[in-house]
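Asker: Sequence:
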Amino acid sequence: DRGRNRVEVFYGSLPSDQKVRGARRSAAQMAAGSVRDSLELLAQPVLPLGLIHSTPRFEIFMRVRAADGTRLNFEKLIGADVSAELPRMIDWWVIEQTIGRLASQRDLLRNYPAQFSVNLSAESLGNADFWPMLERVLRNADLPPGTVAFEFPEDAALSQIGTLPGNMRILRMLGVSFAI
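Position 52, counted from 1, in the sequence shown is what my numbering calls 52; the numbers after and before it change by one each time, with no gaps.
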C-alpha cells in the first residue's frame with residue numbers, strides 16, 4: 001500500500017494526532033516556500049540484476065532536509081488531503097531543477113550518456129499548462145536524446161487518455177521516453 005523506496009520516520013513519544021498536526025504544519029510551511037532551502041534532489045541509480053550492460057539510469061527524488069540533517073520524504077509529510085496545486089508545483093520545481101542541472105552538463109552527457117527518470121503526478125498530467133511548459137523547458141535544454149524519461153501511474157494515464165498520447169508524441173520527438 002505504501003509503495004517501494006520509502007523511508008519512514010516515527011516519533012514514538014508523540015501521540016498520533018500530534019504527529020498529524022505537526023506534519024500538516026510542516027506541509028503548510030513547505031507549500032508557502034518557507035523551507036525552499038531545505039529541498040534537495042537526489043539521483044538514485046537503477047541497476048540491472050543481471051549482467052546486462054546498458055546506459056546508466058537514475059531516478060530523481062525530491063527530499064526535504066530536516067533541521068537535524070536527516071532526509072524526509074515529502075509525501076509522508078503532506079498526507080493525502082492537500083490541494084491539487086501542491087503536487088503540480090512540486091512537479092514543476094523538480095522538472096525545472098532537474099532539467100536545468102542536466103543542461104549544465106550537456107557536453108558531458110553527450111560523451112557519457114545516462115538516463116534520468118522523473119515521476120509525474122496525476123495532477124500535472126491533467127493540467128493544460130503543464131505540457132507546453134515541459135516542451136519549452138526540454139527544447140531550451142537541448143539535451144541528448146534518451147537523457148530524460150518520465151514515469152506516471154497507469155490510472156493517471158487512463159484518466160488523460162484523450163490528450164496524453166499527443167503530448168507524449170511531441171516529447172518523444174525531443175528524445176524523451178515514458179514509463180507507466
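Keep in mind that a hint or two might mislead.
[Stated by the list, open to error] Simulated restraints on C-beta separations:
1. Leu47 / Pro153: 20 to 26 Å
2. Arg57 / Asp129: 18 to 24 Å
3. Pro165 / Gln105: 28 to 34 Å
4. Arg101 / Gly50: 18 to 24 Å
Treat the hints as calculated values from the structure; they're not laboratory data.
Note that CB positions come from ideal geometry on N, CA and C, so glycine has one too.
Asker: Please go over all the hints and tell whether each is borne out by the structure.
Answerer: A quick look at each hint next to the structure:
no. : hint                        : verdict
1   : Leu47 / Pro153: 20 to 26 Å  : 23 Å, holds
2   : Arg57 / Asp129: 18 to 24 Å  : 29 Å, violated
3   : Pro165 / Gln105: 28 to 34 Å : 31 Å, holds
4   : Arg101 / Gly50: 18 to 24 Å  : 30 Å, violated
Of the numbered hints listed earlier, those contradicted by the structure are 2, 4.
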